[in-house]
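**Student:** Sequence:
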Amino acid sequence: GTGLIPEVIADTLSFIDEGAKKSGRRVEDLDLWWLVDAHVDPDGERAREDIRTALAASAHHSFSFTMENKRIPAELASGIRALRDGYQTSEHGFMDKSNNAGLVDEYGLRDYLADRFAIVGTPAECRKRLEDLENLGVRGLRINNNLPDRTV
Numbered sequence: 001g002t003g004l005i006p007e008v009i010a011d012t013l014s015f016i017d018e019g020a021k022k023s024g025r026r027v028e029d030l031d032l033w034w035l036v037d038a039h040v041d042p043d044g045e046r047a048r049e050d051i052r053t054a055l056a057a058s059a060h061h062s063f064s065f066t067m068e069n070k071r072i073p074a075e076l077a078s079g080i081r082a083l084r085d086g087y088q089t090s091e092h093g094f095m096d097k098s099n100n101a102g103l104v105d106e107y108g109l110r111d112y113l114a115d116r117f118a119i120v121g122t123p124a125e126c127r128k129r130l131e132d133l134e135n136l137g138v139r140g141l142r143i144n145n146n147l148p149d150r151t152v
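Read in order, the letters of the sequence shown correspond to residues 1 to 152 in the numbering used here.
Calculated from the structure, these hints are not laboratory results. Careful: at least some of the hints might be erroneous.
Said to hold, decoys possible - Calculated cross-link-like contacts (lysine-lysine; reagent style DSS-like; alpha-carbon spacing at most 30 Å): (1) K22 <-> K70; (2) K70 <-> K21; (3) K128 <-> K70.
Stated by the list, open to error - Pair by pair, the computed Cβ-Cβ distance ranges are: (4) A20 <-> E49: 20 to 30 Å; (5) D31 <-> E131: 18 to 28 Å; (6) G102 <-> N135: 26 to 36 Å; (7) M67 <-> S90: 15 to 25 Å; (8) S23 <-> E45: 24 to 34 Å; (9) L130 <-> R46: 15 to 25 Å; (10) R46 <-> G19: 11 to 21 Å; (11) H61 <-> R139: 15 to 25 Å; (12) P123 <-> G19: 29 to 39 Å; (13) G137 <-> T66: 18 to 28 Å; (14) N99 <-> A20: 37 to 47 Å.
C-beta atoms are modelled at their ideal positions from N, C-alpha and C, and glycine is treated no differently.
Using the sequences plus the hints, can you model the full thing?
**Tutor:** Right, dumping it as structure tokens:
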């Protein structure tokens, strides 16, 4: 997916609505699902630390071929380009590898990528995020949780 920040959600809904109208339907008539990484932990900072590999993978997937028209803030473009270029596909999906996770912090992208691609934090933070997404028109979520098993 391209993310779940307000401007990307609005763009996506607009594009889908445009296509739906061509077939006599409305975006409201469609059952839309949005891909999101998720991690809930009583320690919100630990949750944001743990999800970095997934954030790097989402950024790599979304921005690999082009960053044009992806609503990337200008001040983060060089960091995202560096993450994309440094991403180790041989470590993709391995939560115990640190290179890709490290790129998220090395280029100062953790907060931005978490906001764009994830529902992450404490239970209260995640609940608030879900409410915010619902208010933006997001109704269905396909949740990705590629984290090591552990009791929290």
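**Student:** Now tell me if each hint is right for this structure.
**Tutor:** Against the structure, the hints:
Restraint check: the Cα-Cα separation between K22 and K70 comes to about 24 Å, which is no more than 30 Å; the hinted pair holds. With a C-alpha separation of about 24 Å, the suggested pair K70 and K21 falls inside the 30 Å cut-off, and the hint holds. Restraint check: the Cα-Cα separation between K128 and K70 comes to about 25 Å, which is no more than 30 Å; the hinted pair holds. In this structure, A20 and E49 break the distance hint of 20 to 30 Å, their C-beta atoms being roughly 40 Å apart.
Separation of D31 from E131 is about 21 Å and conforms to the stated range, judged on CB atoms against 18 to 28 Å. For G102 and N135, the hinted distance range of 26 to 36 Å is satisfied, since their beta carbons lie about 34 Å from each other. Range check, M67 to S90: Cβ separation about 23 Å, and the 15 to 25 Å hint holds. Separated by about 46 Å at the C-beta atoms, S23 and E45 break the suggested range of 24 to 34 Å.
Hint check: L130 to R46, Cβ distance near 20 Å, so the stated range 15 to 25 Å holds. Distance hint check for R46 and G19: the Cβ-Cβ separation is about 41 Å, which falls outside the suggested range of 11 to 21 Å. At roughly 23 Å, the beta-carbon separation of H61 and R139 lies within the given 15 to 25 Å, and the hint holds. For the pair P123 and G19, the beta carbons lie near 37 Å from each other, so the given range of 29 to 39 Å is met.
Range check, G137 to T66: Cβ separation about 25 Å, and the 18 to 28 Å hint holds. Separated by about 41 Å at the C-beta atoms, N99 and A20 satisfy the suggested range of 37 to 47 Å.
The structure shown violates the earlier hints numbered 4, 8 and 10.
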